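Protein chains in written order, with the working numbering: chain H, 1 to 348; chain D, 1 to 348; chain R, 1 to 348; chain Y, 1 to 348.
Since the hints were derived computationally from the structure, they do not count as laboratory data. It is possible that some hints are incorrect.
What the hints assert, rightly or not - Pair by pair, the computed Cβ-Cβ distance ranges are:
#1 H:Arg30 with R:Gln269: 29 to 39 angstroms
#2 D:Asn308 with Y:Gly297: 34 to 44 angstroms
#3 H:Pro67 with Y:Lys213: 51 to 61 angstroms
#4 R:Pro85 with Y:Asp285: 49 to 59 angstroms
#5 H:Arg311 with Y:Val8: 43 to 53 angstroms
#6 D:Ala198 with Y:Ser177: 47 to 57 angstroms
#7 Y:Gly297 with R:Lys213: 25 to 35 angstroms
#8 Y:Pro260 with R:Ala46: 51 to 61 angstroms
#9 R:Lys213 with D:Lys273: 23 to 33 angstroms
#10 H:Lys273 with R:Ala146: 49 to 59 angstroms
#11 H:Glu71 with R:Ser278: 38 to 48 angstroms
To be verified - EDC-like mimics (lysine to aspartate or glutamate), calculated; alpha carbons at most 16 angstroms apart, straight line:
#12 Y:Lys59 with D:Glu277
#13 R:Lys59 with H:Glu277
#14 D:Lys52 with Y:Glu345
#15 D:Lys52 with Y:Asp288
#16 D:Lys213 with R:Asp288
#17 D:Lys59 with Y:Asp285
#18 Y:Lys213 with H:Asp285
#19 R:Lys213 with D:Asp285
#20 Y:Lys59 with D:Glu343
#21 H:Lys213 with Y:Asp285
#22 R:Lys213 with D:Asp288
#23 Y:Lys213 with H:Asp288
#24 R:Lys52 with H:Asp285
#25 R:Lys59 with H:Glu343
#26 D:Lys213 with R:Asp285
#27 H:Lys59 with R:Glu76
#28 Y:Lys52 with D:Asp285
What the hints assert, rightly or not - Which chain D residues stay away from chain H? Per the calculated CB distances, all over 10 angstroms, these:
#29 Gln60
#30 Thr61
#31 Lys102
#32 Ile116
#33 Lys120
#34 Ile129
#35 Gln225
#36 Ser278
#37 Val286
This one's a predicted model, so the numbers in the text were calculated from it and none came from an experiment. Positions of the beta carbon are idealized from the N, C-alpha and C atoms, including for glycine.
There are 4 protein chains.
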Amino acid sequence: VKQVFASVLKVGLIGSTGYSGEELIRILIRHPKVKLVCAMSRSIKAPTGVEKRFGDLRKQTDLKLIPIDEEKIIQECDLVFLALPHTQTMEWGKRLLAARKKVVDLAGDFRLKDPILFEKWYGKKHTAIDELAQAVYGLTEFNREAIRKSRLVANPGCYATGVVLAAGPMVKEGRLSDTELIADSKSGITGAGREPNARFHFPEMAGDMWAYKVNQHQHQPEMEQALSRLGKDDIQVTFTPQVIPTDRGILTTLYARVHPGWDSQMWTQAYRKFYAESPYVRVRDVGDWPRLKDVVGTNFTDIAISVNPARDRMIVISVLDNLVKGASGQAVQNMNVMYGWKETEGIS
Amino acid sequence: VKQVFASVLKVGLIGSTGYSGEELIRILIRHPKVKLVCAMSRSIKAPTGVEKRFGDLRKQTDLKLIPIDEEKIIQECDLVFLALPHTQTMEWGKRLLAARKKVVDLAGDFRLKDPILFEKWYGKKHTAIDELAQAVYGLTEFNREAIRKSRLVANPGCYATGVVLAAGPMVKEGRLSDTELIADSKSGITGAGREPNARFHFPEMAGDMWAYKVNQHQHQPEMEQALSRLGKDDIQVTFTPQVIPTDRGILTTLYARVHPGWDSQMWTQAYRKFYAESPYVRVRDVGDWPRLKDVVGTNFTDIAISVNPARDRMIVISVLDNLVKGASGQAVQNMNVMYGWKETEGIS
Amino acid sequence: VKQVFASVLKVGLIGSTGYSGEELIRILIRHPKVKLVCAMSRSIKAPTGVEKRFGDLRKQTDLKLIPIDEEKIIQECDLVFLALPHTQTMEWGKRLLAARKKVVDLAGDFRLKDPILFEKWYGKKHTAIDELAQAVYGLTEFNREAIRKSRLVANPGCYATGVVLAAGPMVKEGRLSDTELIADSKSGITGAGREPNARFHFPEMAGDMWAYKVNQHQHQPEMEQALSRLGKDDIQVTFTPQVIPTDRGILTTLYARVHPGWDSQMWTQAYRKFYAESPYVRVRDVGDWPRLKDVVGTNFTDIAISVNPARDRMIVISVLDNLVKGASGQAVQNMNVMYGWKETEGIS
Amino acid sequence: VKQVFASVLKVGLIGSTGYSGEELIRILIRHPKVKLVCAMSRSIKAPTGVEKRFGDLRKQTDLKLIPIDEEKIIQECDLVFLALPHTQTMEWGKRLLAARKKVVDLAGDFRLKDPILFEKWYGKKHTAIDELAQAVYGLTEFNREAIRKSRLVANPGCYATGVVLAAGPMVKEGRLSDTELIADSKSGITGAGREPNARFHFPEMAGDMWAYKVNQHQHQPEMEQALSRLGKDDIQVTFTPQVIPTDRGILTTLYARVHPGWDSQMWTQAYRKFYAESPYVRVRDVGDWPRLKDVVGTNFTDIAISVNPARDRMIVISVLDNLVKGASGQAVQNMNVMYGWKETEGIS
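Kindly produce the complete structure, drawing on both the sequences and the hints.
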C-alpha cells in the first residue's frame with residue numbers, strides 16, 4: 001500500500017513473536033519512513049509468512065518471519081529493535097553497536113545505569129558495561145535531546161513509563177515533601193508475555209485479580225533511577241504491581257505528599273505546561289479520571305490529578321497501553337526522535 | 001462440619017487436580033453419605049493439604065491430596081471415581097473391578113461399546129474389553145435402572161450430556177423425519193482442561209471464539225451411540241464444538257427435522273412429561289430461552305424448544321455446567337443412584 | 001494530519017453516538033478522499049467536541065458533534081451516512097434523495113424490497129416506497145455494479161453479511177440439495193447497541209451466553225431475500241442469533257446440504273475463485289478455522305469450509321467484526337464503490 | 001429440603017431484587033435455623049415466584065417475592081434485613097424497632113454515628129437519630145459483644161469491610177507512625193448495583209478499568225470512624241475506589257507507615273493471633289498474596305502482609321466477595337451472633 005522511497009530507513013527486529021515484537025511489526029509495516037527488512041525470531045526455523053502467526057495480517061503484508069541471522073541483519077539494517085527477554089539483549093547491543101548500527105532495546109538490559117543494581121534485580125552479571133554507559137533511557141518526554149544523539153536507546157519498562165510520566169513533573173518541580181512515592185499499578189495480562197502459564201490460563205484468570213512481586217519488581221529501581229535524576233532528591237518508590245482480567249492496559253494510582261499551596265487545578269495546569277510539547281501525554285480536567293479504554297490501542301498516556309489540601313496528599317492516575325506507549329509505540333517514538341522525524345510519525 | 005456415621009460410604013478419587021477432580025472434591029467433602037478417604041493425584045509427590053492447590057478451601061477441610069497408591073485405595077475405598085485423561089482409566093477400571101470395587105469413570109474409556117470405534121476415536125487399543133462390556137453409560141436420566149445395578153459407570157462427556165438430553169425425548173418418541181441431527185455447541189474453557197496452552201492463554205482467549213475438531217470430536221460417536229440406542233433408527237450427529245470466552249458452561253443448539261403435527265407447546269409438554277421424574281432437567285416455557293448463568297454452578301440442565309411448523313424444523317437449546325452436570329455432578333448423581341440414595345443427595 | 005484537497009468529497013453523518021456512528025467517525029476522519037463535515041446526533045444539544053463522548057479521540061481530531069440540522073446537511077454534504085435505529089431512516093432517505101444527495105443507510109429501512117415484508121418484520125408501515133424501489137442492497141461483494149450506479153445503498157445487517165458471504169457462492173453455484181440453510185450465529189454485545197439494558201449490564205453478561213429472537217430476527221428475511229436473488233431457488237434460512245460475552249465480532253456456523261461430488265478442498269477452491277476480486281474476503285485453508293480475533297477491528301470476513309461427504313453435509317464458518325464489515329466498514333466500502341475509488345480506500 | 005422446626009426464626013427481607021437482596025435469599029433459604037417468610041421488593045407488584053427473577057432457582061425453592069407490606073412483615077417476622085438503597089432504610093429502621101423487631105440494615109443509614117457527617121456524605125438529613133444512637137456497627141470481627149446485644153445492626157460497606165479488616169489490628173496495636181492510611185481498592189461491578197448504566201454496559205466495561213469518587217466515597221468516613229474507635233488516634237484514610245472488569249470481589253491494597261521493629265513474619269503472626277477466633281478471616285503466609293478467586297462466593301476475607309523495614313512501610317492486601325463478606329454473608333454472620341448461634345451457621 002505504501003510507497004517505499006530510496007531514502008527509506010531499513011530496520012530490523014529481533015524477537016518477532018512475543019507481544020511487543022508483534023506490536024512493533026504492526027506499527028512498522030505501516031510506518032511511511034521505514035522498511036522492516038528483517039523480522040527475526042528464535043522460534044522460527046524457516047521463513048514463514050507473518051500471517052501464519054498473526055492470522056489477522058493475512059492479505060495485509062507479504063512480510064516473512066525469518067530465523068535469527070546476525071550477518072544478515074548487520075548487512076541489511078540501519079537500526080535494530082530488540083524485543084527479546086531480559087538479559088538476552090546486552091550481547092546483541094554490544095555487537096550491533098560494534099557494527100555501527102543504531103539500536104532500540106525493549107528489554108531491561110540497558111536501563112539500570114549501575115551494573116551492580118542490574119545484577120541484583122535481573123540475576124545476571126552485565127557483560128556490556130561500555131554500551132550500558134552509552135545507553136540513553138528512552139522515556140521520550142524526559143529525554144528528547146539525549147535520545148536524538150543516541151545510538152543505543154533503552155526503551156523503558158511498561159510500569160515505569162506510567163509511573164515516571166505521572167510523577168516526573170512533581171519531582172522536577174521540587175514540590176515533594178516526602179521522597180517516598182507509592183505506585184499502585186494494575187496491568188492487563190499481555191504484560192506477562194505470551195508464554196502460557198497456569199496462572200494466566202483463561203479459566204484461572206477470568207474474574208481474578210492479584211498482586212505479585214510486591215517491592216520486588218525490576219521496574220522499581222528503574223523508576224527510582226529515572227525519578228531521582230530529575231531533581232535533587234533520591235526518590236523511593238513503593239511499587240505494587242497487580243494483574244487484572246483484561247488483555248491490555250496499565251492504570252497506575254500514584255500517591256505523593258507535596259508541599260502545601262497548590263490545589264488540583266493548579267497542579268493540572270502545571271502538568272499541562274510541562275507536557276505542552278508532548279503529543280502523547282494528555283492531562284485531563286480535574287475530576288475527569290481516565291479509563292483504560294481511552295488509551296488502549298494508542299500511544300497516549302492520559303493523566304489526571306487530585307490534591308487533598310487537608311493532608312497535602314496528591315493522587316495522580318495515569319493510564320497507557322502496555323504494548324504501545326509501554327513498549328513498541330514508545331520504541332518507534334524514540335526512533336522518530338533519533339532520526340529527527342516528527343515524533344508521531346507512523347504511530348497513530 | 002458434617003457428622004460421619006459408621007455406615008458412611010468410603011470413596012476414593014484418582015485424579016484430584018484437574019478441573020473435574022477439583023469439582024468432585026468440592027461436592028464430596030460436603031456429601032452427607034460419603035467420606036472422601038483417598039484423593040490421589042499423579043502430580044502430587046507427598047501428602048499436601050488440598051488448600052495448597054485450591055486456596056479457597058483453606059480453613060474449610062483438612063483433606064490431604066496424596067500420591068497415587070493402588071494398594072491403599074483398594075484397602076480403604078468402596079467406590080472410586082476416576083478423573084484422569086482419556087485412555088488412562090481402562091486399566092484402572094479393570095484392576096478396581098477385579099478388587100471388587102465400584103467405579104465411576106469420568107474419562108471416555110468405557111463409553112463407546114465398540115472397541116474398534118474406541119480405537120478409531122481415541123487413538124489407542126482398548127485393553128479392558130470385558131469391563132467395557134459390563135460398563136453402563138451414565139447419562140442418569142436415561143439409564144437409572146442399569147446404573148443402579150452397575151459396578152462400572154461410564155460417566156458421559158460434557159458435550160454428549162447436553163446433546164443427548166436435548167435430543168433424547170424426540171428420538172425416543174420416534175418423531176424424527178431425518179436421522180441426522182445438527183448439534184452446534186459452545187463451551188467455556190474449563191472444558192479444555194487445566195493444562196496451560198497458547199490458545200487458552202488469557203490475552204489470546206479474552207474476546208475470542210472459534211470452532212475446533214469439527215466432525216472430529218470424540219463425543220460425536222458417543223452421542224450417536226447413545227441416541228441410536230433410544231429408538232429404532234441409527235442417528236447421525238453433525239457436531240460443531242466451539243469455545244467462547246468464559247470459564248464454565250455449555251450451550252448447545254440442536255437442529256432436527258420432525259414429523260408434522262406438534263407445535264412448540266406440544267413438544268414442550270412432551271419433554272416435561274418425559275423428564276417429570278428427573279430432578280435435574282428443567283424444561284422451560286416456550287420462548288424462555290435459557291442462559292448459561294441459569295445453570296453454572298449447579299447440576300441442572302435447562303432445555304427450551306421451538307418448532308417452525310412451516311419447515312418441520314425443530315430447535316432445542318440446552319445449557320449445563322460442563323464441570324457439574326457435564327462431569328462431577330453427574331458422577332455423584334450416578335453414585336447416588338448406584339446406592340439407592342435420593343438422586344440429589346449431597347449435590348445442590 | 002491529512003491534506004484536504006479541493007476535490008475532496010464532503011460527507012455527513014446522522015447518528016454519531018451509537019456504536020456504528022462512532023466507528024464511522026473513526027474511519028471517516030482518516031479517509032484520504034473525504035471530509036466529514038457534519039456529524040449530527042439526536043442526543044447532542046449544542047456543538048460538542050467528539051472527544052467529550054469518545055475520550056480516546058482527544059488530541060486526535062477537532063471534529064465537533066452537532067445537533068440534527070437538515071438544512072445544514074443538505075447544503076454542505078454530497079453524501080450522507082444514516083446510522084439511526086431501524087424505521088427512523090426511511091424519511092431521511094426520501095428527503096435526502098429529493099435534495100439530490102447520495103445516501104448510505106446503515107439501518108434496515110431499505111433492505112427488504114417488499115414493503116409488506118418490511119412492515120411484518122419491522123412493525124411499521126413503509127413510507128418511502130419509491131426510494132425503496134431504487135435502493136441497492138449493499139453487500140459489496142455481490143452487488144458492485146449496482147452499487148456503483150446507486151444513489152441509495154441499503155447497507156446490510158451484521159448477521160446477514162456473515163451469512164450471505166458464507167452461503168452466497170454455494171447458492172450461486174446451484175449446488176444446494178436442500179433449500180433450507182441453518183445459520184447459527186454468535187455475536188458480541190455491541191451488536192445490541194449502546195443503550196444500557198438489564199441483560200447487558202456487565203455483571204449479568206460476564207460469563208453468560210443465550211439465544212434470542214430464534215426464527216424471529218429481522219435479519220432472517222434479509223438473508224433469505226439476498227440469497228434467493230442469487231440463484232433459481234427460494235432459500236429459507238433457519239437463523240439462531242446468540243450473544244457471547246465479548247464486545248465485538250460475529251461467528252456464524254452455517255449448515256447446508258449439497259449435491260455430492262465436491263470435497264472440502266474443491267469447495268475451498270471454488271470459494272477462493274468466487275472471491276478472487278474481493279479484497280475483504282479471505283478463504284482459509286481446509287481445517288484452518290478462523291477465530292474472531294482474526295477479524296476484529298478490520299473489514300475482513302474470514303471463511304472456512306468443511307464437507308462431510310458421507311452425509312452431503314457442508315459446514316461453513318464465517319467471522320467478521322459486526323461494527324466494521326457488519327456496519328461502518330462496509331458502508332465506507334460501498335461509498336468507495338459508488339465513487340469509483342479503490343474498494344479499500346481509507347479503510348484498513 | 002430442610003426441615004423447619006417450630007423454634008425456627010422467622011425473618012423478612014425488604015429489598016429482594018438487588019444483588020445484596022438476591023444473595024441474602026440464596027443464603028437464607030438454606031440456613032437451618034431460619035425461615036424466610038417475607039421477601040419483599042419495591043419492584044414487585046404481585047406475588048411472583050423467585051425463579052422468575054433468578055432463573056437458576058427454578059425447582060429449588062417455592063419462595064415468592066411479594067410487594068412491600070409493612071403490616072405483614074411486622075406480624076410475621078422476628079428479624080428484618082433491609083437491602084434498600086442508602087437513605088431509604090432509616091425510616092424502616094425506626095418503625096421496625098418501634099414494632100420490637102430486630103433489624104440488620106445493609107444500607108449506609110445507620111453506619112455514621114454523627115448525623116452531621118451522615119448528611120454531608122449521603123446528602124440527606126437523618127430522621128432517626130435515636131435509632132442511630134442505638135445502632136451497632138456490624139463488622140463482626142471487631143464488635144461481637146455489642147452485636148450480640150444489639151437490636152439494630154448497621155452492616156458495613158463492602159469497601160469498608162476490606163479496609164478495616166486489613167488495618168484494624170495495626171491500629172489496635174498502636175503501631176502506626178503516621179495516622180494517614182492509603183487504601184487503594186479495586187472492585188467488581190456488582191458493587192455498583194443492578195441498575196443498568198452506560199458505564200457498566202457490557203461492551204463499555206469489558207476490558208476497562210477506572211477510578212471514581214476519589215476521596216469522595218461515602219465509605220471513607222465509615223472507615224475512618226471504625227478505625228479511629230479502635231485506638232487512641234484519629235485515623236485518616238485516603239481512599240481510591242476503582243472498578244475492574246469482573247462481576248464480584250474487592251482487592252484492597254493498604255499502605256501504612258509503622259513503628260520500626262517488626263518484620264513481615266512478626267506482623268503476620270500478630271494478625272493471626274488477632275483473628276484467631278474469627279472463622280472468616282484467613283491470614284496468609286508471607287509472600288502468599290491472595291487472589292480474588294480465593295474468596296469469591298465465600299464469606300472469607302484473606303489477608304497478606306509485607307513490610308519494607310528500610311522505609312517502615314507496610315503493605316496489607318485483603319480480598320473479599322463484596323456481596324458476601326461485603327454485604328449479605330456478613331449480615332447473616334451478624335444475625336448468627338445476635339442469636340448466639342455459631343458464627344458460621346448456614347453461611348458456607
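- Query: Hints broken by the structure, by number, lowest first?
  - Reply: Checked against the structure, the hints that fail are numbers 14 and 27, while the rest are satisfied.
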